[in-house]
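Participant: Go ahead and model the full structure; you've got the sequences and the hints to work with.
Residues per chain, in single letters:
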Amino acid sequence: AQSVAQPEDQVNVAEGNPLTVKCTYSVSGNPYLFWYVQYPNRGLQFLLKYITGDNLVKGSYGFEAEFNKSQTSFHLKKPSALVSDSALYFCAVTPLFKAAGNKLTFGGGTRVLVKP
Amino acid sequence: DVKVTQSSRYLVKRTGEKVFLECVQDMDHENMFWYRQDPGLGLRLIYFSYDVKMKEKGDIPEGYSVSREKKERFSLILESASTNQTSMYLCASSFRESPLHFGNGTRLTVT
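From first to last, the protein sequence lines are chains A and B.
21 is the number of the first residue of the first sequence in the numbering used here; add one for each residue after it.
-12 is the number of the first residue of the second sequence in the numbering used here; add one for each residue after it.
Don't read these hints as lab results, they were simulated from the structure.
None of these values were measured; they are calculated from a predicted model.
C-beta: ideal position from N, C-alpha, C; glycine also.
Incorrect hints may have been included.
Said to hold, decoys possible - To give an idea of the chain B side of the interface with chain A (calculated C-beta under 7 Å), a few residues:
#1 Glu17
#2 Asn18
#3 Leu30
#4 Pro48
#5 Ser52
#6 Arg55
#7 Leu77
#8 Pro86
#9 Phe89
#10 Gly90
#11 Asn91
#12 Gly92
Facilitator: In structure tokens:
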């Protein structure tokens, strides 16, 4: 069975500082990994995905994520955080050989608070 | 742009009532999903469907059923609502392995 761990319930960062949100996963075979963001009273929005290739993936709103197979991690990063990045972030995984079914397992979420 | 519409933003129901949550997508996606979101637990998959009249159980199907009579519509049914089903319910759709598109959610309170 697949699983995702987001070890931090909340991350606080000052505006302009780098932001990192951590994610580790467990899956059979190669992973198909995602990051989603949820703003207050909204559904989840897709940020980026990793399927294969370059370990550094670039996504929407200046976010990027680094895939590390040996550490089974997929940490989300942004070089300079904005107040508007304050939201709830979810990491998700599915086995690559089951990608067409898109049956994702989500982590518990990390709340990001960016202070001016 | 893909639009996933959930019919109700907020619902308040009584214990034992039969509850219908409706979801419609406008992009002809084969895959549709129902998740519930609870603080600290993230999103947990209730049911999903890969085609009309097809349905499969997710990780927490107990107390729920689904219906997919048309490709664009995926309904979640709580046969007899209970207080432990108070939650945020999120519908999503996708084309094969493309990223999921989510609706804005239905916050259900069962009293």
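Participant: Now, for every hint given, state plainly whether the structure supports it.
Facilitator: How the hints compare with the structure:
Taking 7 Å as the C-beta cut-off, the interface hint given for Glu17 of chain B is violated, the closest approach to chain A being about 9 Å. At about 5 Å, the closest approach between the beta carbon of Asn18 of chain B and any beta carbon in chain A falls short of 7 Å, and the interface hint on this residue holds. Because the closest C-beta pair between Leu30 of chain B and chain A is about 4 Å apart, less than 7 Å, the hint holds. Hint on Pro48 of chain B is violated. Least Cβ distance to chain A is approximately 13 Å, over the 7 Å limit.
About 18 Å separates the beta-carbon of Ser52 of chain B from the nearest beta-carbon of chain A, more than 7 Å, and the hint is not met. Proximity of Arg55 of chain B to chain A is violated relative to the hint, the smallest CB-CB distance being about 15 Å (cut-off 7 Å). Look at Leu77 of chain B: its Cβ gets to within about 6 Å of chain A, closer than 7 Å, so that hint holds up. A hinted interface residue such as Pro86 of chain B counts as satisfied when its beta carbon comes closer than 7 Å to some beta carbon of chain A; here the least separation is about 4 Å, so the hint holds.
Hint status for Phe89 of chain B relative to chain A: holds, with the closest Cβ pair at about 3 Å, below 7 Å. This hint holds: Gly90 of chain B has a C-beta 5 Å from the nearest C-beta of chain A, less than the 7 Å allowed. Here the hint on Asn91 of chain B is kept, as its CB sits about 5 Å from the closest CB of chain A, short of 7 Å. Among the interface hints, the one on Gly92 of chain B holds; its C-beta lies about 6 Å from the nearest C-beta in chain A, closer than the 7 Å criterion.
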